[in-house]
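Got chain P sorted already, so can you dock chain A onto it with the hints?
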Amino acid sequence: MAHYDFDMPISDAQVRALRVNDTVSLNGTLYGIRDATQIHMFDRGRKTRFDLRGHAVIHTAPNVKWVGETQAAPTGYAPLCVGTTTSARMERFTRPLMEQYGVRIIIGKGGLFAASQRAFADLGGAYLAIIGGAAALETTWIEQIEEVDLDDLNPESLWKFRVKGFGPLLVAMDSHGGNLYGTIATAAQGRRAEVLAALGVGSGK
Amino acid sequence: MRVDPIEVEEAAKALYIRALKLLPPDIKAGFRKLDSAETDTTGKAVLGTMIRNIAVAEANDNLLCQDTGIPIYNIVIGRNVAVDGYELKQAIVRGCARATKEHPLRSSVVHPVTRGNEHTSCGRLVPVINIDFSADPESLRIEMIPKGSGSENNSWLKMAIPADGIDAIKTFVIDCVLEAGGKTCPPTIVGVGVGGTADLCVHLSKVAATRALGSVCEDAEGARLERELSGVVNALGIGAQGLGGDSTAFAVHVETAATHITMNPVAVNMQCHSARRARATFTPAGVSYGF
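Line by line, the protein sequences give chains P and A.
For the first sequence, the tail end lands on 222 under the working numbering, and the numbers increase by one without skipping.
For the second sequence, the tail end lands on 504 under the working numbering, and the numbers increase by one without skipping.
One chain only, chain P, in its complex shape (with noise of 0.2 Å):
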């Protein structure tokens, strides 16, 4: 189990270096996307400005607040509350944020599926678990909202963050095919007949 600290945007040997239960920390830019994003880039036609190759995004809609524009927040957004949802909605996306836009690094909560799994090693990526809930910890490893696009889509809108220190996160999901998600579930799958059977189930009680 290793610990990485990555300059953002990395490589494909970078992302390819990681195993499941490796930690990371990334610094420099993080990008923030969600569910009607990625539905109006994939299925309405739109395209972002942003140049993600390398990068890495988070299932994020922050609390942010207007401002207005300074030089402490160039897009008039200062964040208040970024936290991460649940990736699980946002399965089918993986694969063409990575083909068309050369995404490395999806971070999230509560893990990904088998489509996602096979664009990690197709392509060189990875899913990082952050804590889902512990946003006001999270907001404190964010400097600064750099830039913002999509907007008329806000919350949702295409986030570019600064970030500091950001993690540790857990990779969850690696290039090789392991997947922390899925060895547990498959586990407390296994268990399912002696949980039942300590519930009494069957037992015509």
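Bear in mind the hints are in silico, worked out from the structure with no lab data behind them.
Please note that the accuracy of each hint is not assured.
[As the list claims (entries may be wrong)] Footprint (simulated), chain A over chain P, 3 or more residues, beta carbon under 8 Å:
1. 76–90
2. 101–110
3. 187–197
[As the list claims (entries may be wrong)] Straight-line Cα separation of at most 25 Å, BS3-like style, residue types lysine-lysine; simulated pairs:
4. K234(A) to K82(P)
5. K82(P) to K314(A)
6. K246(A) to K257(A)
7. K241(A) to K257(A)
In this text, a Cβ means the ideal position worked out from N, Cα and C, and glycines have one as well.
Structure of chain A alone, referenced to chain P:
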């Protein structure tokens, strides 16, 4: 006792913000209990981060979680309380919208077809307002629950049949916990509704999921069922965030209602580890805030 809608509006606003920032003491105690029992290294680290987050939110006066949820207001009106019911509901909506605009908060509420966001956390029939009555003299309670979507997206109803018995209920609950995995932001409070009509059963599952830890179902059969399910659910090993360990759930809560001779309904709704709620109580002495 007469209740002023202006005060209700202020309370509705204050409660939304308070609920998003301060975790109730029973949930904090639930974290301590899980943390002391956790045997898995990853599970221990995940719980540690969650516990640290609670302190950071308090220190920075920040929201615990980014998900401002769907706002729910549960109102319980005691005896000899004079209040204009229509005005009361309007005041709740105004307070909810003001919290969103004035704090500001992310409005997580959209029209279900157009997906348009009014940026007020309000919309058609939202905030959800439930009104009930109690025997308490001269008291009006407002409980506010921001219900996050990670847990709400994992909600189920099964219209089981009498021949399937209690086994169907127990099996369904365990299968829902397995299906939810890490998507519900575990450790969760697993809320189970048993009986009633389809809609009442689902409502009861929400009541169960949002009840304080340590509270017990008033129906002895429901209490027994929640004790049994709470005793085994963590043996599944799904763990905090679905990353393994002993902290899948703080507890399983059950609420029951009488049902039809042909029916055996069971519903499951979950509350995530950011099990937020806040309460305001109006009495002749004024308004007090708690959980």
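Verification of the hints:
Proximity of the region 76–90 of chain P to chain A, defined as three or more residues with a beta carbon under 8 Å from a beta carbon of that chain, is established by the 7 residues found. Check on the region 101–110 of chain P: 5 of its residues sit with their Cβ under 8 Å from a Cβ of chain A, so the three-residue criterion for coverage holds. Here's how the region 187–197 of chain P fares: 3 of its residues keep a CB closer than 8 Å to some CB of chain A, so the rule of at least three is met and the hint holds. With a C-alpha separation of about 17 Å, the suggested pairing of K234(A) with K82(P) holds against the 25 Å cut-off.
For a cut-off of 25 Å, the pair hint linking K82(P) to K314(A) stands: about 10 Å separates their Cα positions. Proposed proximity of K246(A) and K257(A) is supported: the alpha carbons are some 12 Å apart, at most 25 Å. A hinted pair counts as satisfied when its Cα atoms are at most 25 Å apart, and K241(A) with K257(A) qualifies at roughly 15 Å.
Hint compliance for this structure: no hint is broken.
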